[in-house]
Structures are given as structure tokens and as C-alpha cells.
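Now for the letters of each chain:
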Amino acid sequence: MADNSFDAIVVGSGISGGWAAKELTEKGLSVLMLERGENIEHIKDYQKSNQPVWDYPHRGGRTQQMIADYPVLKRDYPLNERNLHYWASDKDCPYTEEKRFDWFRGYHVGGRSLMWGRQSYRWSDFDFEANARDGYGTDWPIRYKDIEPWYSHVEKFAGIQGTYENLPQLPDSVFMPGMDLNIVEKDVAARIKAHYENRRTLIIGRSANITSKLPGREKCQYRNMCVNGCPFGAYFSTQSSTLPAAVATGRLKLQPFAIVTEILYDKDTKKAKGVRILDAETNLTKEYYSKIVFLCASSFNSTWVLMNSATDIWPEGLGSSSGELGHNVMDHHFRCGADADMEGYEDKYYYGYRPTGFYIPRFRNLFGDKRDYLRGFGYQGGASRKEWSREIAEMNIGADFKEALSEPGPWRIGATAFGEMLPYHENTISLDKNKKDKWGLPVLAMNVEIKENEKKMRKDMMEDMKEMLEIGGAKNARTFDHDYAPGMGIHEMGTARMGRDPKNSVLNGNNQVWDCKNVFVTDGACMASASCVNPSLTYMALTARAADFAVNELNKGNL
Amino acid sequence: MDRRSLLKMVATLTGAAVVGGDLFLSGCQSPDKKMTAFPLSQSTISLLDEIGETIIPATETPGAKAAAVGAFMNTMVMDCYSQSEKEVFIKGIDQLNQESVQLFQHDFIAATPDQRKELLIKLDKAAQSYQKDKKEDEPVHYFTLIKQLTLLGYFTSKPGATQALRYLAIPQKYVGDIPYEKGEKAWATS
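Protein chains in written order, with my numbering: chain R, 1 to 559; chain G, 1 to 190.
Keep in mind the hints are simulated off the structure, nothing from the lab. No false leads were mixed into what you were given.
Here are the simulated distance ranges between beta carbons:
| # | chain 1 | residue 1 | chain 2 | residue 2 | range |
| --- | --- | --- | --- | --- | --- |
| 1 | G | 166 | R | 436 | 45 to 55 Å |
| 2 | G | 179 | R | 390 | 18 to 28 Å |
| 3 | R | 459 | G | 84 | 33 to 43 Å |
| 4 | G | 84 | R | 481 | 24 to 34 Å |
Beyond 12 Å from chain R on every Cβ pair, some chain G residues (computed):
| # | residue |
| --- | --- |
| 5 | 42 |
| 6 | 43 |
| 7 | 88 |
| 8 | 93 |
| 9 | 94 |
| 10 | 97 |
| 11 | 101 |
| 12 | 102 |
| 13 | 105 |
| 14 | 106 |
| 15 | 107 |
| 16 | 110 |
| 17 | 112 |
| 18 | 137 |
| 19 | 139 |
Distance condition first, Cα-Cα at most 30 Å in a straight line; then the derived DSBU-like pairs of lysine-lysine:
| # | chain 1 | residue 1 | chain 2 | residue 2 |
| --- | --- | --- | --- | --- |
| 20 | R | 186 | G | 185 |
| 21 | G | 122 | R | 386 |
| 22 | R | 503 | R | 145 |
| 23 | R | 156 | R | 213 |
| 24 | G | 185 | R | 386 |
| 25 | G | 182 | G | 125 |
| 26 | R | 27 | R | 145 |
| 27 | R | 475 | G | 185 |
| 28 | R | 44 | G | 158 |
| 29 | R | 186 | G | 173 |
| 30 | R | 386 | G | 117 |
| 31 | R | 466 | G | 135 |
| 32 | G | 135 | R | 475 |
| 33 | R | 291 | R | 556 |
| 34 | R | 219 | G | 185 |
| 35 | R | 386 | G | 173 |
| 36 | R | 386 | G | 125 |
| 37 | R | 517 | R | 253 |
| 38 | G | 182 | R | 386 |
| 39 | G | 134 | R | 386 |
| 40 | G | 125 | R | 475 |
These numbers were taken from a predicted model, which means no experiment stands behind them. Even glycine gets a Cβ: it sits at the ideal position worked out from N, Cα and C.
The following block holds chain G by itself, in its conformation from the complex (with noise of 0.2 Å):
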């Protein structure tokens, strides 16, 4: 069965089946045009790194700049995406921006940490809200396509898999009654 691990892939991500949806399951749209916007600027993947970075921040193990989220979207976005996400993504970008200068009077980039990471949070509680009512075929929120890609690109980047979880080459064995303490890292995806 274990051929069908991917399914495990589908996995809500921020209370969304994950966007790029088609991205491991069940796709359905035809392959679109190249969005001019692609490949993204390197100021806007510097932007998405320093988003990532608020979302995932470097503590004692790595944040998601260091595991280059920006570079990443760009990579997701670009190939995975349907236009209409892409759409989503890139307006996404910019509304993240003027939500900055409403609150702050400058966009994301200028905004001292503190002012990101508030921004974020609300962010994120307004994405909840909209993912929770949306109907089925609304547009995800930009946001949580966002932090999507921030968790997955960490978590499955090498930084993230190896120094923030537990990677294991090659296990050798299996045992299936092991002590865990809290504090302990899970096992990344082998």
C-alpha cells in the first residue's frame, strides 16, 4: 500500500487541502500559458523570503530564508499552479504590500519585525475566515497559498528536513515502540 504514500501528502496545510491542489492529486486544468510574471523578480523572491522568514523565523535551527522559500514559490507557482492561482499568488503579493502601507505607511520590506509578524497574524486570521465560508469554487485566499509553500518548501527543504526535523538516511531498522520526549523532533519525509 505503500505506493499510495503519497496520499499522505494530502494533508490540510492551514485548514486548506493543499493548493497547487492538483499539485498531488486529482488534477483536472490544462496547462496554461506562461504567465509573464514568471520567472518572479528577484526583489519579489526576496520579499516571499523574508514573508517565509516571518512565518518560519531562524531560532536555534534555520528559518525559511536560509531554506529558500522565495526561490521555491517561484518554482511552484510558476510550474504548478493553474493561471487562476498563479493570478491569486501574484495579486496576492501586492495586497500583502498595501496592507502594509495602510497599517504602517510602508510596504512589508520597510516594516521592522514586530510590524510583519502582526501583519501575518491578522493575515492569517482573515485567510481562516475566508477558507472557512468560501465556496467550492472561490479562489483559495492568497495568503494561505502562501503560507503553504513557506511550510512545505521548509519542511521539505534540507535545512528544514534535516535541522529542524530528523532525517534518516537509512534507517536500518524499524521499531515500532520508541520513547519520545517532548522537545524531541518528528522524523522528516524520507
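Next comes chain R alone, as it looks inside the complex (with noise of 0.2 Å):
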């Protein structure tokens, strides 16, 4: 076989690219995976996995180089000194905000399955049946018995600890042991369980850090310091996962600092015949065939290649025959909440570094409540006890009070809600061809906003968990709102959705290009919807779900 030519070539390798790399390459495809920034190698490049706090100069801060370098992650907390250098440079990678968009991108081998906050759920028929049911965006074409053997097939080899519940809303994985609630959090578990009869639960935050050894991975040793890259392989990334699994079948090929700028697409056979890529750093372009293509570049990225795309058939890109690539941006909306101080337990403490909170899944519009918005939220949060930073009234100065410090304050418990978004047709990405970014590509304009039923739900997402903690027995809750602009959740999902017609749908049940058969959209940018959950186990399970279909269809001679 030549050196540019392959059965499959995967583009991106964050959680879905290493799904798609590992799943074609096990199934005995030659695959060519190409990620746009440079290679990070598992363990060795994680310069910071064992730097303890004070090691940082500003303690894990930001400086005003960094705020002046960084002009869109400055937005949030992922401009911080711990792991700065896993996020993509808004200076190279610019974006035009026709609206307020915070875009946080990791642009190297792994992308944010390096940074990810792990959480992971199932979806369940609530999620893939509400487009259907209250009308909004397109019905999924898939319902939960499609996906579910996936997310079994996933999870095994992921990793996901959690307790298994039994809650309709909310399916059971294939769960490692679950880490512990502390004794608060079981505490306020149990009043909340016990007022609202079982129709709102407190469970363990379900992650990807595993409590079982898996093969060449350790189980999590509670340091609580992922975002540097874990030494241990203890949560599921790229580096820790796929990608071993994938070089182990030698039939995978990386390549680093490979921008694909479009998919070579051939009128005749109306099929991809490969892909054409820009060096990162030669800025050369070259061209790679195969019989299949895997693009899971990230939501908006995926677009971006398909935009880019065949504009001499479709003007506005591979797959916009529907008009609908591009548009129904979603993102899960949050920062807002409520927290509470626990009197007492002041004997009471944990040990280690939980890498997960709480979760309170979705109870809003489901088994009969019914509220004046669509859908619903779940809940994220924790209870500690206070360090050092808190304020100790009449005592500011001198050995007392560096004492009082030193020891563990009063307990505290707040959550944050994650509301699903709906998808709007009017929230759109689009080609800005006036702005370049560092290798002279277009770049993308953000149009997106919340509406209504966004900010209808923000209340509620406030006094139901106010009124949890009252019920939990904490004292002097309140209720916050840091305010959101879409993007902050790193959730952002559509712009090519998944459906059953390819008159209103970019991608077909199996997430193939209804226009191009052998192009699969396997990350965020295939949802049709948002739920309220974490997204990233569902991209999993769909990357294996359509690898498997794929490689049969390939079989079959269909493809």
C-alpha cells in the first residue's frame, strides 16, 4: 500500500478521533489518524503530574502576560498556570463572536480527553424522544436500544465508576465501585430521598477515573490533580486508552501538526477519496486517501472540514444540502445554583482528593411534573469543609488565628446546575473568510444565544437546589447566578445533527454524510439534542457504534 493511502483516516484525536482509531484499527483496518497539533505522549510529556502547588510561581494562577496572551480563555477557569499549555492560543486560533461565544479548544494528540471533566452518563429515551415530543429540532433516529450495547462496549473498556441506581432517567453503566459520598453529602442524601419519596436522588458524580486496575492503567489514587495529565492512566483519555489500544494492532499511523482543511470529494463515485491536510508547522499541503474518512475534529472543527468541503457541488459545503450544517449550536447552560453552609459535623472529615462531586440527576418535566419550560437540568456539587481562605470573625492576626487556619472550617455544600439547551435553528457557525487565523484559513463566526426557555429554567435551577439543601438540613442557603454565555460549558454540540431525512438532517442514523456515504461525523456536532448530561460518553458509544456499521457496511462492498 502506498505511504498516503489507508482504509480509514481518522481526523482529531480527542475522545471520539481515539474511539474511531482504536475501534477501525481492531476491526483490521489500516487507519491514518491526524490531529492538527502536536503530539503528547502519555505520561512522558505531562510535564506537570506531580508539581505540588507551591512549585508553581503564582500558586496556580493567572499573570497579566497570560490574561493579555489568552484573550478568550481568560473568560473562565481554564486560563490558569496548572495546565496552560493543553489549551489552544486564542492569538493563533482566532474566532469571530458575532455574539459572545467562549470557544475552549485543546489543539494537540489527546485534545480534551486530556482536560475533560470525566463526568459520565448515559443518556436515556427521555433525551433521544424529546425532539419528537415537544417539537424542537428534528427526532433523533436512534432511540436508547440502539445505543445501549455501545455504551456497555465503551464503558468496559473506559472505565466509569459509579453506583448503580436503577433511575429511568438516567440508565446504569457498567460501573467500577463507585467512589464515596462523604458523610454530609450521604447525610442530605438521604433527607432529600426520603421528602421527595424517591423522585430526587443524590448519587456519586459517575466519572471515567477508574477504581479497578485495568490493563496498563492504575486504579485512581485520589490526588485529584487530572488536569495535568495523570501518570497513573487513572482517567480515561486518548493517551491513557485508545490510542495504546490502537498502535497495539499496528495498523495505526499518527500524525501530528496535520491541519485537514478539507475532504477530497469525487462527483463520480460521490464518495470521499481522502482528505487534504496543511503542515502546522511546513505549512505544505499534502493529500491522503482512503476508502473511509472518521471526522471527529470537535463540533465546531468537524464543521469547519465540511464547510470547506466539495463547494464546487454545494457552495456552502459537504453535507448542506439540507441547510442545516452549521446551525442548532447547543451548549448545556450553568453557573448557577445554590450553596449552603451544614452546621455541625464537626468531628466528621474525609481523607484524599475526590476527583468527582455529587450529581442530582434530571427531575424537572419528567413523571408528570410539569413546568412553564421545556426539558431540564441535573445538578453538579459537593460538600467540604472550609480551608484556609475563609473569614474568621474577630480573629485576624497572629499565632491564633494562623492556628484557626490551619485547621478545617465549618462545612459547606453547594451545587451548580447543568441545563439542557434547545436546538435552535438560528444558532449558527458560519465561514468568516475575512479573517484568517496563523495558516491563513478561514475562520469560524459564532452566532448563538439562550433564549427563553434557557432563562425560564435558570430560575428553577437556582430555588430547587435552595430549596434541596433546606430540605438536605443545611442553613443559610442562597442562591447564584455567575452568569453564562454559550461555549463556557465546553459542551458545545449540532452543527451537522443526526435525523431521519436528509432534507432537515446532515447525518443519517449511523452518522454518515446523507451526501457522502463514506464520510462519518462521530463527535458533538452530530447531536440533535443536549440533554442535561455530560456528552462525552455518548460520543464514545456513537464513534463505536458507527466504526462497527462502517467496517460491515465496508464488508459488504457498500461503501
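Starting from two chains that each stand alone, build the complex the way the hints lay out.
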């Protein structure tokens, strides 16, 4: 085989790309995985993974220089001293904000699988049926039963810790033993459960931190330093999990610094024959050929590639015939909720740094509940004893003050809601051909906003938590809204949605581009709705499912 | 969600959101021309060490001076503060000395430990009441800045984290319910 020809090309190496590479190579295909950024090798390149806080000159904070260099990243927590090197440069990779949109990206091997929050939840049929039920967006072409075996498939390999709860709105995964709730969380959980008669529950946040050994990976050591890359391989990332599996087949070629600029569409066969790349270091272009292409470049970048492809046939790009390419952008709106003080428990503490918190699954607009908005939200939070940064009344200088701050303070408990955002056709990304990035490529323009439904929901997102904290026995419960701008959830979804009809969707039920069946899009771009749970586990399952379908079709000679 | 754990750092130190403000979140200033005052002179750094030591003295565990909070303040103010915050901080050092001269007829370095403590308690009260009443766009009190940096610099330093607090490099497990007795130290930031 020529060195520029493969069975499959995978564009992107994050959560979705890593899964595509693993599944396709394990099924016998030769795979070229293209990554626009640099390589980061597992463990070896996690420069700060064992660095204690005192070795950071600014103790993890941000400098004025960082603020100047990262005009977008500075808008939220990603701009910090601990893992700045994992975030894409705002200056090299600008975009246009027709409305404010916070786009936090990871341009390197592993993508955001290195920095992700690791929260992992299955969707239920309440989610897959949501669009059909209330008419927003278009119906998902799949239901829970279609994806259920693929959730199991990816969970067994990725390793998800959690507890079996048998909740219809939040199906159980195949779990590793769940991490502990702490004593305050447990007591609050019991009071909530009793008061709401099981309609609301507080459970451990399910996450891709392993609590039992897996091949090549040690279990979680409870350092909560995941943001630097884990030297124990204890959380799921491309580097710790899917990449070694793909490499082990001997059929993977990983190529960093390869920016895919276009899918090469052959109008005679009506199929893609490969991709064109721009070498990020030399600026030279090159073509690679394959039987199938998996676009896993992250929601917006996958759509960007489509928009730049086959424009001689479709001016708006490959997959644009439905008029939906670039539309229906979604994220999870959040940063509001409530927190409170918990009196007592002075003789209780915890041990270790837990890399997850608690989770309260959705309860609104379910099981007979009806609100003045559609869909719902879940909560992520935690209880802990306050640290040295707390205020201590009447004691502000000297030895007694120091001793007091050296001890754990009173307990507090709080949670932030993550709410579902409806798919609005008018929430779009488009090409801004007047602005170019460092490589002279046109950039994206974002035009996204939340609307009345989300704004109404935010009231409940605050008030419901306040009420549950009070029911849970906490005092001084207060709501907060730290304000939200689209993108801040770093759960950007949509722009090339799956659907049942090529007239109103970009992809079919197997993630194939309707207009070009050997191109599959399996990252967040494919989402037809957003649910309120973290999306990554669903990307994994959809990718594995689509890879299985693709290989079967190839073997049947259909692609 | 723990990728968001830095949000926890937006704690209220001394009754004001962490200054340097933008230090941890929501920064919006543009970078400044370097103030000629930086780096601070060795004598200023020593003075800051002594102020820090008065706030967090050595007891059975090391104090702020052993944690080199003076040098830490120099780094933080120089790299992380906005121009106006820098000015408040630099002027504040002079103001603090002037207050000392007024009260004790000599500057802070020459003051006795009791005098130092008396002065800083006075300044702390003044800072707290100023912070409570000030308008949002008015500058933060200089003593609030000094105190915040002392606490941050101390409790995230190696001596502070490992001796005044308990630092766990590799806890290996999480237990959500262990007994706690008054006097036992809190866990340090991971």
C-alpha cells in the first residue's frame, strides 16, 4: 500500500477520534489518525503531573501576560498556570464572535480528553425522544436500545466509576465500584430521598476515573490532579486508553501537526477519496487517501472541514444540502445554583482528594412534573470543610488566627446546575472568510444565544437547589448566578445533526453524511439535542457504533 | 466537574474576592508596562516578610517568613496585579510605615513585636470596614492586598502546606467519613 493510502482516515485524536482509531484498527483496518496540533506522549509529556502547588510561581493563578495572550480563555477557569500548555492559543486560532461565544479548545494529540471533567452519564429515551415530543429540533434517528450495547462496550474499556441506581432518566452504566459520598453528602442524600419520596436523588458523580486496575492503567490515587494528565493513567484519555489499544494493532499511523483543510470529494463516485492537509509546521499541503473518513475534529471543527469541502458541488460545503450544516448549536448552560452552610459534623472529616463530586439527576418535566419551560437540568456539586481562605470573625492577626486557619473550617455544601439548551436553527456557526488564522485559513463566526426557555429554566436551577439544601438540613442557603455565555460549558454540540430525513439533517442514523456515505461524523457535531448530562460518553458510544457499521458496510462492499 | 476545581480558589480571603482578582478568574485588564518599582528591593521584601510574619507568626510550625512570603508578594504583584493594584500596593507599603511612625515614632522594622501586632490589627480593622463600605470601582485597601497575599503565599508554600496543613502527595484512597478531633490540621490544596 502506498504511504499515503489507508483503509480509513480519522480526523482528530480526542475522545471521539481516539475511539474511532481503536475500533477501526481492531477490526482490521489500516488507519491514519490526523491531529492538527503537537504530540503529547502519555506520562512522558505530562510535565507538571507531579508538581505540588508550591512549585507554581503564581500558585496556579494567572498573570497579566497570560490574560493578554488569551483574550478568550481568560473568561473562565481554563486560563490558569497549571495546564495552560494544554489549551489552544487564542491568538493563533482566532474566531469571530457575532455574539459572545467562549470557545475553549485543545489542539494536540488527545484533544480535550486530557483536560475533560470526566463526568460520564448515559442518555435515556427521555433524551432521545425529546425532540419528537416537544417539536424542537428534529427527531433523533436512534433510541436508547440502539445505543445501549455500545454504551456497555465503551464503558467496559474506558472504566466508569459509579453506583447502580436504576433510574429511568439516567440509566446505569457498567460500573467500577463507585467513589464515596462524604458523610454530609450522604445525610443530605438521605433527607432528599425521604422528602421527595425517591423522585429526587443525590448520587456520586459518575466519572471516567477507574477504581479498579485495567490493563496498562493503575486505579485512581485520589490526588485530584487530573488536569495535568495522570501518570497512573487513572482517568480515561486518548493517551491512557484508546491510543495504546490502536497502536497495539500495528495498524495505526498517528500524524500530528496535520490540519485537515478539506475532504476530497469525488463527484463521479459520490464518495470521499481522502483528505487534504496543511502541515502546521511547514505550511505544505498534502493529500491522503482512504475508503472511509471519520470526522472527529470536535463539533465545530468537524463542521468547519465540511464547510470547506466539495464547495464546487455545494457552495455551503459537504453535507449542506439540508440547509442545516452549521445550525442548531447547543451547549449546556450552567454556573447557577445554590450553596449553604452545614452546621455540626465538626467531628467528621474526609481523607483524600476525590476527583468527582455528587450528582443530582434531572427531575423536572419528568414523571408528571410540568414546568413553564421544556426539558430539564441536573446538578453537580459537593460538600466539604472550608479551607484556610475562609473568614474568621474577630480573629485576624497572629498565632491564634494562624492556628484557626490551619484547622478545617465549618462544612459547606453547594451545587451548580447543568441545563439543557434547545436546538435552535438560528444558533449558528459559519465561515468568516474575511478573517484568517495563523495558517491563512478562514475562521468560524459564532452566532449563538440562549433564549426564553433556558432563562426560565435558570430560575428553577437556582431555587430548586436552595430548596433541596434546606430539605437536606443545611442553613443559610443562597442562590447564585455567575452568569453564563454560550460555550462556557465546553459541551458545544450540534452543527451537523443526525436525523431521519436528508432534507432536515446532515447525518443519518449511522452518522453517515447523507450526501457522502463514506464520511462519518461522530463527535459532538452529530448531536440532534443536548440532554442535560455531560455528552462525552455518548460520543464514545456513537463512535464505536458507527465504526462497527462502517466496517460491516465496507465488508459488504457498500462503501 | 473537577476541571472546574479552580473555581474553589475564588474564596473570600479577608472579606474581599481574591485580589489579583483576575488572578484566578474573569480578568479583563490589559497588560501593563512594568512599573519601575519591580522587582522590589531586598529591604522591601524583608519588610514584607516581617509584616507577613506578624500576620502568620512561627509557632510550633514555621511562619510566613520561613515561607518567603515577601518574595512571593513581589512575584505576584509584579506579574499578576493590574497597574492600579500595583500602585495601591506600593503606596500601601509607605502608608503602613507612616502609620507606624505616627503611632510609635519609628517605622515598622524598628517596631517591637507587640507594636507590630497592634498596628496590623488596627490596619486590618480599617481595611475591613473600608472594604465593606467601598464602591465597586474604588480600589481595594492596601492591607487587604498584603494580607491576602500573605495567606495565599503561606498556606500554598511548602512549609505552610506540609507543616501548618497536611499535604497528601498520593492519598491512594478516598474515605468520606473519618473522625476528626479539634486541633488536627486541615488538608492542604492538592
